[in-house]
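Colleague: Listed here are the chains, written in short residue letters.
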Amino acid sequence: MSTTERTTQESRQTRGEMVDVFADDDRHAAATTNPVGFEIARLADEHDDVVALSADMSAVLADLRARHPERYVEFGIAETNTVSAAAGMAACGLRPYVVSMAPFGAIKCAEQLRTDVAYTRLPVRFVARLSGLAMGFFGTSHHAVEDVAIARAITNLTVVAAADSNATAGLLRSTFDAPGPVYYRISEHTPPVYSAPPEFTPGRWVRVREGGDATIIGHGIGVGLALAAAQHLAADGIEVAVLDAAYLKPFDRDAIAEAAQVTGTVVTVEEHSEVGGLGSLLAEELGRQRLSCALSTLALPDEDLAVGLPADLHAHYQLTPDAVAGRVRALLEA
Amino acid sequence: MSVTAGNAQGSATGAAQPTRTPQDLARRADWIRLRTIELIDGAGLGHYSSTFSCAEILSVLYYRTLRLRPLEPDWPDRDRFLLGKGHVATGVWPVLADLGYFPESWLDGFGRIGCRLTDHPDMRVAPGVDFSSGSLGHNLSVGLGMALAGRVSGRDYRTFVLTGDGELQEGQVWEAVMAAGHYRLGGLVAVIDANGFSGHGPTSEALNIEPLADRFRAFGWEVVEIDGHDIDALCETFDALQPASERPPTCVVARTRKGQGVAMTEESPQAWHLGHLAPEQRDRARAEIEARLQ
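Protein sequences appear in the order of chains A and B. Position in the first sequence (from 1) plus 100 gives the number in the working numbering. Position in the second sequence (from 1) plus 263 gives the number in the working numbering.
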């Protein structure tokens with residue numbers, strides 16, 4: 101892929117348009133356009149136990165295929181086999197990175213993830229690309245909006261979500277030594293949040309903006325939306341804190357308590373079903389801690405979702421800076 | 264007990280397993296049946312006839328074929344054995360205790376909360392279990408991963424996966440069969456306990472799985488079809504297996520009888536798929552097996 105093509109691909113992703121995920125152009129992964137492939141290849145350079153398993157996602161792994169062909173296995177369109185085989189490889193001392201599409205890898209393979217990967221506490225890394233509405237143009241079969249709820253319900257499974265390309269790299273690096281399995285929820289069309297790969301601490305959320313009037317907590321594209329909303333609000337003199345809920349399991353109980361107690365107003369933003377995602381998590385935890393605050397959860401409704409380009413779907417479902425800012429204003433004015 | 268414990272000395276040092284005579288292996292198969300009856304008796308529920316159908320297979324694999332070090336359960340070069348049909352773990356626990364993986368006393372609490380030995384095996388709590396099982400259709404994929412790991416790591420261990428024939432109705436099995444043939448994983452051995460029955464009746468009446476040999480061959484496997492109760496045939500088949508290398512994987516279709524070895528379970532294999540023998544039934548079954556061991 102030429103620099104121009106790469107820039108085009110990157111801008112298309114950021115604009116929330118569709119990209120050709122199968123393009124086998126032998127592109128050498130760029131940290132910005134293909135952080136998953138870039139980072140897994142880098143980890144494989146450094147660690148002999150890293151192997152990459154693809155369920156028809158070989159284009160992403162072009163660098164690893166070129167540099168470590170013996171540690172790459174293509175399983176074809178056979179996700180359940182891929183996940184269970186990864187467990188077998190991990191049981192023999194390897195560190196498998198499974199790269200798959202979120203709706204088929206994660207949701208279809210929930211049982212394999214639970215039984216073979218999580219109950220066994222094996223160090224399988226499951227990278228769920230194209231999560232949320234990233235493939236929303238193709239039909240409801242391609243939505244992956246329940247995966248956080250499913251993954252969070254699985255014992256022993258660490259669940260993380262990347263806010264942008266740097267967060268993807270940071271999460272892959274920060275979790276490398278995690279003793280058990282890790283589920284990575286990757287979003288492909290995120291606006292930039294971090295200027296460099298941050299170092300994440302297990303179970304801790306990242307404060308990406310300070311502010312005392314309210315707190316917006318997001319994961320995935322929700323973080324960038326929250327930051328953009330914060331800028332809108334700042335123009336009106338409203339200063340909001342923004343948290344990146346990168347760890348959805350384990351999650352940051354202290355950050356929730358602080359958000360509720362210090363700002364008293366909390367808005368969550370996520371490209372996930374309103375059932376079992378970050379908003380649910382907040383509501384449950386506030387109840388458990390007997391904390392009282394104004395809470396608004398912006399998520400996808402529990403109904404048949406529309407089909408269309410991601411950017412159009414985001415606008416349709418209010419996943420926009422204006423809508424996020426509106427939620428904050430509504431709570432503050434109530 | 265006519266068949267005694269303490270058989271681990273050869274494999275505990277990593278040496279080849281001492282040669283067992285077919286007669287000895289046949290007696291061990293019956294001993295597995297006896298111990299299964301005892302374990303289920305204590306627990307109150309268990310899978311008799313599915314365990315009986317693979318008793319000879321378990322005997323030959325554990326006491327002759329598998330390259331193991333029971334005192335070093337995580338030995339990287341050991342042959343792997345996965346119990347795809349995890350519901351017959353009652354037949355494996357006595358063997359693992361006998362080989363020295365854990366004390367015999369662990370068997371005492373079988374079926375009770377807190378016992379490490381469960382109805383389906385859990386690798387995290389029971390030494391000697393290479394992978395957990397219970398969800399049918401998974402273990403051939405897991406074994407595929409282990410065989411691939413052997414190739415990546417340059418180790419020549421073999422990976423044996425014992426599946427039921429009903430388990431072959433799971434679609435995931437055929438994903439694994441396809442991949443193993445594609446990658447020519449010569450170290451992967453699928454042993455099918457083809458006893459012809461699944462949970463609610465004859466397997467192929469529910470959903471036809473035959474012709475098994477042709478199906479595996481079509482996916483690039485070498486297939487051997489034998490009588491799964493014929494000790495000589497099992498020995499000959501497993502003895503012929505080579506260390507892992509790049510060649511077709513092997514499928515052993517072991518034709519077996521569900522409930523083999525006890526008249527009552529042979530006559531009503533379905534009734535004793537899952538159950539609990541009443542005391543007089545238990546004693547009759549025991550006497551029948553013990554008569555062969557005299």
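Quick caveat, the hints were computed from the structure, so don't treat them as lab data. Mixed in with the good hints there might be a few duds.
What the hints assert, rightly or not - So, partial list: chain B residues that the calculated Cβ filter (under 7 Å) puts toward chain A:
1) 371
2) 372
3) 376
4) 378
5) 381
6) 383
7) 407
8) 408
9) 409
10) 432
11) 435
12) 462
13) 463
Backbone N, C-alpha and C define an ideal beta-carbon position, used for all residues, glycine too.
Colleague: Each hint: holds or not?
Modeller: How the hints compare with the structure:
1. Taking 7 Å as the C-beta contact cut-off toward chain A, the hint placing residue 371 of chain B at the interface is violated, the least distance being around 25 Å.
2. Because the smallest distance between the Cβ of residue 372 of chain B and any Cβ of chain A comes to about 21 Å, over 7 Å, the interface hint for this residue is violated.
3. This hint is violated: residue 376 of chain B has a C-beta 17 Å from the nearest C-beta of chain A, more than the 7 Å allowed.
4. Interface hint status for residue 378 of chain B: violated, as the beta-carbon distance to the closest one in chain A is roughly 17 Å, over 7 Å.
5. Interface restraint check for residue 381 of chain B: the shortest CB-CB distance to chain A comes to about 12 Å, outside 7 Å, so the restraint is violated.
6. A distance limit of 7 Å between C-beta atoms decides the matter here; for residue 383 of chain B the minimum to chain A is near 11 Å, and the interface restraint is violated.
7. With its C-beta approaching chain A no nearer than about 5 Å, residue 407 of chain B sits inside the 7 Å limit, and its interface hint holds.
8. Of the supplied interface hints, the one on residue 408 of chain B holds, with its beta-carbon coming within about 3 Å of a beta-carbon of chain A, less than 7 Å.
9. At about 4 Å, the closest approach between the beta carbon of residue 409 of chain B and any beta carbon in chain A falls short of 7 Å, and the interface hint on this residue holds.
10. Hint status for residue 432 of chain B: violated, given a least beta-carbon distance of 14 Å to chain A, over 7 Å.
11. With a cut of 7 Å, the hint placing residue 435 of chain B at the interface with chain A holds, because the nearest CB-to-CB distance is about 5 Å.
12. For the restraint placing residue 462 of chain B at the interface with chain A, the shortest Cβ-Cβ distance is roughly 18 Å, beyond the 7 Å limit, so the hint is violated.
13. Interface restraint check: residue 463 of chain B against chain A, minimum CB-CB distance 22 Å, threshold 7 Å, status violated.
In summary, the numbered hints that this structure violates are 1, 2, 3, 4, 5, 6, 10, 12, 13.
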